[in-house]
Amino acid sequence: MMTEPAFFVLIALVNEPRHGYGIVGEVLALSEGRVQLKIGTLYGVLDRLVGEGLVEPDRDEVHQGRLRRYYRLTESGHRSLTAEAERQAANARAASARLHTWRPTGQGCAS
Amino acid sequence: MTRLEGRYRRVLRLLPASYRRVWEEDMVCAFLESVHTDDPEAAEYMADFGRPGWPEVASIVALAVRLRIGSAGAPPRYAAWSEAIRLAVLAGMLVNAAASTVGAVMTLWLAGMIPLAPVPVLPEPPGYPDLWHRVSLFSALTGLLWLPAFLALVSGRWAAARWLGSAAAGTALLSAAVTVAVTSQRISGEVAFVLLINVLLVLAQAAFHRGVVPVKRRSWLAGVGVCTVVVAGYAWLQFQFMTSLPPLDWAGLWCLVLVAATVAHLAGWARRRRDRFTAWTPALAILAFTVLGLRLVTLLDFARFGSAGWHPATVALGIAEAVAVAVAAIILLLLSARTLRRLPATAADGIAWSTRPSRSPHNGPH
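Protein chains in written order, with our numbering: chain A, 306 to 416; chain B, 4 to 369.
Keep in mind that the hints were calculated from the coordinates and are not lab data. Since the structure is predicted, the reported quantities are computational estimates derived from the model, not experimental observations. Be careful, since some hints might not be right.
Chain B side only, calculated, beta carbon under 7 Å to chain A, not exhaustive [unchecked claim]: (1) Cys32; (2) Phe34; (3) Glu36; (4) Ile63.
Even for Gly, the Cβ is constructed at its ideal location relative to N, Cα and C.
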């Protein structure tokens, strides 16, 4: 099962390659401010995703005298993200369906 | 380099050097961008007096710990190191389980509570009040907690193993403190060392976490049976020669076992493909240094308290055992370093990173 930070990092890379801080900003926006990745967390996740072949380096750019490294989603990363999104959607559907049948304790079921 | 950057790089030193080699520059770049401000005055102040915030530092500490205990998704080198720690912890717990079981049976037998055989009349140590006997009994019975702790660890019930191990280590500490208090005796190096190892055994159980390969239950259960027989045999020998103890003391017994295990391991290693990694090499290295520590503190105990009652050859044999275990420990350490160094230290190792500035911002697929 994919961790939440890994899930958001992969989503952040779907449309375009991004550098480290760019990923942090995109994840913050995608999660509506809920997931604020720290640098240590981000690079722990990136190292793992690169090692698993889900993300790969795209290019390096110089920005204000520093080298920015960009990362992009791989085909394998796209497949993993799709599978994870479908799994989460199925879970959410199951939960929603069950929640519709819920009645507060004490009301019981009509017999 | 600004002072802020220097401070952040100092925090990054918590990470393994091999990991920093791949990721440090990128992490520094991302961090500096995260604290960047367009206000030149604020930027200058930040560069001179700013510090990485606690949440940033905590994320680096957490990453350093995760890498070193080989948590899920850890790079191969740290995953292998973590496996070695788990094997060493299992071996340590196995010894504690076997020794405490034999110890409890012996204590109950000597107290006349188990009619195994006629109880020998042992000379009563001077200055040991009745409370000491009760503490000794308490210590022996609570020591039995190591057995369920070991069984829980082998069965994959890691939280239960941690609780039971903590209880066993805690009560052993309490018993030692009460014994020192009621007998006004100095604590021996051996007891202090064993208490320290108990605590380390509990802490090192952090290496058992989600994603870890299940323990080979049958082998470890057979192991605890064999170890119990060895310890019981050793205890029986001690009682057979009560008037003149054999030259092999408790630390000596483990030196012998460790050297035999090392020889068997090296023979197996020579037969296999030599480059193949096995977590038993670093695990045995950890155990060898632990046994060496035990051997050295017990030799120091002989120097502090004398070796009266022991066989005259015990100290000389102990020195020879220390040398043999030290040699085994060094060989195992060198082999471990050689094989571990060949494993990737970051998950991203092997990926061809470009470290040159880009030719064009649009040269990659989008």
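How the hints compare with the structure:
1. Cys32: Check passed: Cβ of Cys32/B comes within 5 Å of chain A, closer than 7 Å.
2. Phe34: Hint holds; Phe34/B Cβ to chain A Cβ min 5 Å, cut 7 Å.
3. Glu36: Cβ of Glu36/B sits 4 Å from chain A, so the hint holds.
4. Ile63: Result: holds, 4 Å to nearest chain A Cβ.
Checked against the numbered hints given earlier, the structure satisfies every one of them.
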